[in-house]
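Q: Single-letter residue listing:
Number of protein chains: 2
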Amino acid sequence: MDLAARVHALLQERGESVATAESLTGGRLAALLTAVPGASRSYVGGVVAYATSVKQDVLGVPAALVETYGVISAECATAMARGAAGLTGATWGIGTTGVAGPDGQEGHPPGTVHVGLVGPGVSTALALELVGGREAVQGRTCAEALSALEGMLSTGTPG
Amino acid sequence: MDLAARVHALLQERGESVATAESLTGGRLAALLTAVPGASRSYVGGVVAYATSVKQDVLGVPAALVETYGVISAECATAMARGAAGLTGATWGIGTTGVAGPDGQEGHPPGTVHVGLVGPGVSTALALELVGGREAVQGRTCAEALSALEGMLSTGTPG
Numbered sequence: 001m002d003l004a005a006r007v008h009a010l011l012q013e014r015g016e017s018v019a020t021a022e023s024l025t026g027g028r029l030a031a032l033l034t035a036v037p038g039a040s041r042s043y044v045g046g047v048v049a050y051a052t053s054v055k056q057d058v059l060g061v062p063a064a065l066v067e068t069y070g071v072i073s074a075e076c077a078t079a080m081a082r083g084a085a086g087l088t089g090a091t092w093g094i095g096t097t098g099v100a101g102p103d104g105q106e107g108h109p110p111g112t113v114h115v116g117l118v119g120p121g122v123s124t125a126l127a128l129e130l131v132g133g134r135e136a137v138q139g140r141t142c143a144e145a146l147s148a149l150e151g152m153l154s155t156g157t158p159g
Numbered sequence: 160m161d162l163a164a165r166v167h168a169l170l171q172e173r174g175e176s177v178a179t180a181e182s183l184t185g186g187r188l189a190a191l192l193t194a195v196p197g198a199s200r201s202y203v204g205g206v207v208a209y210a211t212s213v214k215q216d217v218l219g220v221p222a223a224l225v226e227t228y229g230v231i232s233a234e235c236a237t238a239m240a241r242g243a244a245g246l247t248g249a250t251w252g253i254g255t256t257g258v259a260g261p262d263g264q265e266g267h268p269p270g271t272v273h274v275g276l277v278g279p280g281v282s283t284a285l286a287l288e289l290v291g292g293r294e295a296v297q298g299r300t301c302a303e304a305l306s307a308l309e310g311m312l313s314t315g316t317p318g
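Each protein sequence line maps, in turn, to chains A and B. Per our numbering, the first sequence starts with residue 1, numbered consecutively. Per our numbering, the second sequence starts with residue 160, numbered consecutively.
There may be inaccurate statements among the hints.
Claimed, not checked - Covered stretches of chain A, as calculated for chain B (at least 3 residues, CB under 8 Å): (1) 53–64; (2) 82–95; (3) 142–154.
Treat the hints as calculated values from the structure; they're not laboratory data. Please read these numbers as outputs of a predicted model, since none were measured by experiment. Even for Gly, the Cβ is constructed at its ideal location relative to N, Cα and C.
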């Protein structure tokens with residue numbers, strides 16, 4: 001069973017669901033989750049928040065947070081995850097933000113990534129420094145995000 | 160230049176942007192659009208509206224529309240596209256809804272797909288009957304959706 005299928009199985013055992021909020025992964029995390037037949041029992045949907053305005057206007061990331069920490073930050077990743085869960089009514093929210101490349105952004109080099117994970121009693125973020133091209137960074141971020149949720153559901157920690 | 164890159168080039172020539180609203184494609188359309196470096200100049204984001212509640216609560220698809228036509232309909236695809244454009248401020252909205260399989264839904268067999276396309280003076284939908292497994296149906300829907308937008312931007316018709 002692949003990682004996305006294991007996440008769905010764990011969620012379905014608990015009667016829970018997940019929503020996604022994606023910046024640099026641009027829909028890839030949702031695509032992995034919806035590749036699994038029966039995904040609709042534990043995946044409700046999410047937001048691809050590529051532009052900063054979408055992070056703020058749709059996901060409700062506060063402008064003051066963006067001003068203080070920037071969009072490439074743990075704070076933004078967590079706020080995105082919280083926004084997706086709130087908007088959709090899902091139990092869990094996962095947020096991804098970072099620099100896929102080839103260019104840097106806000107002074108951060110490509111491969112700088114933050115994954116936010118929010119759920120019942122949980123609000124945490126992983127900081128990643130990934131190597132490789134645009135596609136590798138986007139793909140690796142999705143794997144780390146799913147692995148963090150699997151860890152949280154199976155052992156209570158994302159690591 | 161691949162299809163997504165051609166769509167971005169056409170949008171950028173016109174100073175326009177696109178947003179996505181995805182049900183059966185579950186993020187794949189957004190992923191194709193964000194695979195292109197510099198995508199942020201013409202792709203703002205979108206919504207993965209997998210659950211009917213997300214179509215209604217986030218994209219603003221009217222409950223009465225769902226009641227009358229069902230979610231597997233041209234009407235729903237167009238309303239989703241309109242919702243994504245409205246929510247994000249994009250010039251164009253593309254919506255995908257249908258049955259990826261393996262099971263049917265609302266009496267429709269796998270491969271029944273509607274793609275909605277909404278923009279300045281345009282509100283239209285394509286009805287597709289696709290063959291193949293879940294992944295093939297999802298992938299083919301994305302290609303048809305991008306091709307419809309390319310056609311609209313280059314010749315004024317989606318076909």
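Q: Hint numbers the structure violates, sorted upward?
A: 3
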